[in-house]
Each structure stands twice: as C-alpha cells, then as structure tokens.
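Working from the sequences, and respecting the hints, build out all of it.
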Amino acid sequence: MNDLRQNLSDVLGSAHRIAAILALGLVVPRPAAAQERPTENEARLIEVLKADIPQILRLTGAPGLNLAIARRGQVIWEEGFGFADLERRIPMTAATVTHSGSMGKTYTATAVMQLVEQGILELDGPVNRYLSGWQIANPLGGRDVTIRDLLTHRSGLAGNGAWSVLRDPKPLAEHVPEAYGKKQNDFYGGLLPTWATRAGEKYDYSNLGIATLGYLVQVTNPEKLSFSDYVQRHIIDPLGMTSTQFPPVQDSAHIRPDIWAKMSRGYAGLGSIRIPTPAIYFEDHPAGTVVTKPSDHIRILLAMQHDGRYNGYQLLKPETVKLMLTPYPGTESPTVGLVWALADWDKPYRRIFAHSGAHMWGWTNTYLAFPGLDLAIAVFMNQWALPNDAQGARYQEAGLVTNFVRSWVERDLTGTLRPVAAHSWAWKVSYVQGLMMVESVNGVLGIKEPLSAATIDMMVRGAAPRIERNGASVWDPEGFRAGIADMAGAELTPTGIAAFFQSDRLRVLLEELPLLYLELGGRGNLPDPKPR
Numbered sequence: 016m017n018d019l020r021q022n023l024s025d026v027l028g029s030a031h032r033i034a035a036i037l038a039l040g041l042v043v044p045r046p047a048a049a050q051e052r053p054t055e056n057e058a059r060l061i062e063v064l065k066a067d068i069p070q071i072l073r074l075t076g077a078p079g080l081n082l083a084i085a086r087r088g089q090v091i092w093e094e095g096f097g098f099a100d101l102e103r104r105i106p107m108t109a110a111t112v113t114h115s116g117s118m119g120k121t122y123t124a125t126a127v128m129q130l131v132e133q134g135i136l137e138l139d140g141p142v143n144r145y146l147s148g149w150q151i152a153n154p155l156g157g158r159d160v161t162i163r164d165l166l167t168h169r170s171g172l173a174g175n176g177a178w179s180v181l182r183d184p185k186p187l188a189e190h191v192p193e194a195y196g197k198k199q200n201d202f203y204g205g206l207l208p209t210w211a212t213r214a215g216e217k218y219d220y221s222n223l224g225i226a227t228l229g230y231l232v233q234v235t236n237p238e239k240l241s242f243s244d245y246v247q248r249h250i251i252d253p254l255g256m257t258s259t260q261f262p263p264v265q266d267s268a269h270i271r272p273d274i275w276a277k278m279s280r281g282y283a284g285l286g287s288i289r290i291p292t293p294a295i296y297f298e299d300h301p302a303g304t305v306v307t308k309p310s311d312h313i314r315i316l317l318a319m320q321h322d323g324r325y326n327g328y329q330l331l332k333p334e335t336v337k338l339m340l341t342p343y344p345g346t347e348s349p350t351v352g353l354v355w356a357l358a359d360w361d362k363p364y365r366r367i368f369a370h371s372g373a374h375m376w377g378w379t380n381t382y383l384a385f386p387g388l389d390l391a392i393a394v395f396m397n398q399w400a401l402p403n404d405a406q407g408a409r410y411q412e413a414g415l416v417t418n419f420v421r422s423w424v425e426r427d428l429t430g431t432l433r434p435v436a437a438h439s440w441a442w443k444v445s446y447v448q449g450l451m452m453v454e455s456v457n458g459v460l461g462i463k464e465p466l467s468a469a470t471i472d473m474m475v476r477g478a479a480p481r482i483e484r485n486g487a488s489v490w491d492p493e494g495f496r497a498g499i500a501d502m503a504g505a506e507l508t509p510t511g512i513a514a515f516f517q518s519d520r521l522r523v524l525l526e527e528l529p530l531l532y533l534e535l536g537g538r539g540n541l542p543d544p545k546p547r
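If you read the sequence shown in the numbering used here, its first letter stands for residue 16, the second for the next number, and so on.
Honestly, I wouldn't trust all of these hints.
[Said to hold, decoys possible] SDA-like, lysine to any residue: derived pairs with alpha carbons at most 25 Å apart:
1) Lys277 with Thr292
2) Lys185 with Pro293
3) Lys239 with Gly148
4) Lys65 with Asp100
5) Lys198 with Tyr218
6) Lys65 with Asp427
7) Lys277 with Tyr203
8) Lys185 with Tyr203
9) Lys337 with Asp322
10) Lys65 with Glu93
It is worth saying that the hints were derived from the structure and are not from the lab.
Have a look at this one:
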C-alpha cells in the first residue's frame with residue numbers, strides 16, 4: 016500500500032448484513048447484471064488465457080489468481096486458477112474473495128465525491144472546517160490541507176505503512192486524530208516524519224491521507240453512518256456487489272460469514288517457498304480493507320467508464336466522473352486524477368485509468384479500464400513476491416495478464432489480430448529459443464553465414480533441458496528448428512527483426528512473447544535488438 020508509481024499505482028464499519036438493511040428498508044441491493052456473451056475473438060482470447068494463466072502461476076510461483084474481464088459494460092468472463100489455500104488445497108475460483116489493498120481507496124474517493132456532489136463537503140475547502148475537537152497542523156507551515164490535496168496525494172503528509180498492527184486496530188475516530196499528533200510515522204518504528212512538505216508542494220502517496228478522507232465521510236454524512244456502513248449503503252449494495260464489504264477489521268467478527276467462507280489465504284513469496292502471511296490489520300482502514308471478488312470489484316470501473324452509471328444505478332454524476340479522471344497539473348509526480356492513476360491521457364484511444372492494491376504481505380491485485388477499447392480488467396493474486404519490490408515488479412504477474420488482454424483487444428479492433436496454429440507450450444518456448452539463437456548469432460554479431468544443418472543438429476543433440484517436477488520439460492527440438500528457420504528468413508537488422516515480430520510469419524501469439532521470455536529467464540518484453 017505504498018505508491019501509485021509502481022505499475023500505475025501501488026496498491027493496497029461493523030459487520031454489515033444485507034438482511035438487516037432490507038429489514039430496515041434502507042436500500043435494496045440491485046440484482047447482478049447478466050453476463051455479456053463474448054464475441055468469437057473474445058472466446059478465442061478466453062481459451063488462450065485458460066491455457067496460459069497456469070503457466071504464469073508456474074513461472075512466478077503464485078498460488079492462485081482470479082480475474083474478471085468486461086467489454087461493452089458487462090463481464091464477459093470470470094474464472095479462478097490455482098489455489099486459494101495451499102494447505103487445505105482449496106481451489107481458487109471466480110467466487111474467491113481477496114484482500115483488495117489500496118484498490119479500496121477508489122471506494123473512499125467515490126464516497127467523498129458523493130458528499131461533494133451533495134454540497135456537504137467542498138473539494139477545495141480546508142479539511143479543518145469539518146473537524147471538531149482537533150485540527151490538522153503541518154509543522155512545516157503553508158496553507159491549510161484541502162480535500163483535493165488528500166485525493167491527489169499532495170497534502171504534505173509523508174508516505175506511511177497504513178499504521179499496520181497485529182491486534183485489533185483502533186477505531187477510526189480515535190486513530191486519525193492520534194496519528195496527526197505524532198511527529199514520526201510508522202515506517203521502521205518512526206524512521207520518517209509524519210510531514211514531508213507543505214500542502215500542495217509535492218506528490219507523496221499517503222495512506223493516512225486517505226484514512227482522513229474516510230474519517231470525513233464518517234463525521235459528515237447526514238445519516239450519521241460509520242464509514243464502513245456508508246460505503247456499504249451507497250456504493251457496494253446499490254452496485255449489486257454481493258460478495259463485497261469494506262470492514263474496519265478484516266476478521267470473522269466484522270465480515271459476513273458467507274463472505275468470510277470464501278476468503279483466500281495470502282502468501283509471501285520468497286524464492287521457492289510460499290509462506291502464509293500473518294493477519295495484518297490497518298488502522299488507516301479506509302486506505303484499503305475492502306474484501307471482494309473480481310466480478311464485484313470491476314463494477315466500480317464499469318460505472319466510471321460509463322458516466323458514473325452501472326446497471327441502472329447512478330453512482331456519481333457524469334461531471335464528477337470527468338473531474339476525477341482529469342489529470343491533475345504537475346510534472347514532478349505520476350499522472351493522477353482524484354485518487355485514480357491515469358496513463359496515456361493525451362491519446363484518447365489508449366487512455367487508461369487504474370488503481371492497484373497490495374495487502375501486506377500476501378496479496379497483490381490490480382484493476383484497469385481502457386475507455387477507448389471499452390475494456391475493463393480486474394486481476395487478483397494471493398501472493399506478494401517480496402523480492403519483486405526491490406526490482407519494481409510488484410505486479411508482474413497481473414501485468415502479464417492485463418497487457419495480454421489489452422494487446423489482443425487492440426488488435427481485434429484494428430483488424431490486425433491473426434490466428435496461429437496450435438502448438439504445445441514446449442514447442443512455443445523452443446520456437447522462441449530458436450528465434451533468439453539466430454538473432455544472437457547472425458544479428459548481434461553480424462555473422463553472414465547461416466547456421467548449418469550440422470550445427471543445428473549439434474545444438475539439438477546436446478541440449479540439456481530442465482526437467483519439471485511432473486517429469487516433463489519445456490524443450491521441443493522441432494519448435495527450436497522452426498524458430499531458427501523463421502528468424503533466418505528475416506532481415507537481421509533491428510528494424511527487420513521488429514517487423515518480423517509484427518508479421519504473420521511469427522508462429523506464436525504476439526501477446527505470448529513476454530510470458531515465453533519469462534520462461535527463458537527474462538523479464539518484460541523481448542529486448543529490442545541492439546548492440547550488446
């Protein structure tokens with residue numbers, strides 16, 4: 016739950032019973048929208064993902080993954096892979112519920128903007144206007160902190176670790192004023208000061224800042240609901256999110272039994288070992304304690320994509336959505352709107368708004384919308400691979416899925432999606448090995464003579480493939496030979512090789528190349544041809 020900079024964003028009341036709400040006559044949860052039927056090319060995409068996602072889990076060591084993909088405003092596919100709990104061998108399914116981490120910040124921002132629409136909160140008004148019995152005072156001076164400052168992470172607060180605890184967290188009304196009274200925040204027991212700059216001067220991702228917004232929702236909403244109950248009544252239930260809550264504490268005492276029974280177990284990934292994470296609670300709970308499943312959670316994206324409306328419910332006014340998805344001025348920070356991370360906003364066809372979320376140290380998730388493609392994706396994983404943080408790759412696994420889907424849909428819409436013959440995973444991996452061998456020998460080194468049949472036979476004969484636990488290997492001599500033959504027919508210049516990868520001569524899907532490259536020990540896309 017740290018920073019929007021990492022893969023667009025770094026992410027992270029009382030138990031609320033729908034039956035009790037119905038009994039009070041307060042709100043009737045809307046029925047789930049019917050699932051959209053996928054097109055022929057979307058059905059092909061789903062079949063490819065069903066084959067490739069298990070490879071992602073195998074290569075990254077992630078126990079499980081579930082996801083939802085939406086087109087045309089409705090979910091076209093949801094499914095789970097791997098395990099929700101390794102010890103009990105419980106499968107991950109589409110219905111498995113996870114800790115959302117900072118993706119919950121988008122719920123908090125939505126609640127705030129609902130109150131702004133009603134004139135209860137003022138976006139550019141000082142936060143202190145709404146506080147009784149205590150005030151926010153930045154020791155570095157400057158103007159008062161505003162609600163807009165908190166929504167854009169420019170309040171002057173330093174980044175913090177959500178004031179995490181292993182015990183029951185303090186109530187929001189007690190924690191937030193107390194946190195502002197401390198000179199140091201929670202990282203490494205007080206290593207950093209609570210305040211980094213004066214308000215408005217600099218972007219600094221703050222969980223306490225979002226918790227403050229949740230506190231404002233709690234103390235200003237006219238129904239006098241707790242923050243958790245307000246979000247349930249005005250966001251979760253009206254959107255028909257029947258497997259979702261935003262509890263103050265993520266435990267069985269605060270989460271409905273039917274949801275708790277579907278919760279995944281989170282794991283810290285450390286090399287080849289996956290260790291169950293301890294139960295870590297957040298005193299900054301409005302910054303990220305949502306529990307949900309992908310096909311519920313994606314409804315926030317779908318409402319934002321369609322002028323604030325989903326399945327007959329107007330979550331926000333169209334002008335509010337536009338405001339939230341407008342890049343905030345400033346060049347020293349990531350492109351952000353009001354909480355949302357934004358990318359490619361100067362290219363309408365390629366625009367993205369998103370928020371990722373991670374719950375220490377066992378879950379990493381992301382959800383993204385591509386308005387120009389009429390596409391939304393939510394991907395949840397029950398692993399936090401700790402070494403990935405040092406490499407800036409916390410959301411590597413989710414990115415493999417989301418980038419795959421985005422590329423496929425783009426090529427489908429532009430008429431450049433092409434079929435490829437079916438091959439085994441071992442054949443595909445070996446094919447890319449053949450491509451890279453020719454690129455390395457004849458491209459990088461500029462050797463004019465092609466690899467001879469005798470040399471290729473020698474390489475095939477002497478290859479020593481790694482044997483997987485199931486006794487199989489990812490080596491297929493015929494795939495290797497095919498890769499050599501295809502790359503040998505390309506123009507072995509950087510431009511020519513790039514053109515080959517975009518052509519119909521490539522015998523694997525363009526979208527699969529990053530995953531195949533990961534199988535070979537690489538990270539990201541195949542490298543652009545260049546001198547080494």
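(message) Run through the hints listed earlier and report the numbers of any the structure violates, in increasing order.
(response) Failing hint: just 7.
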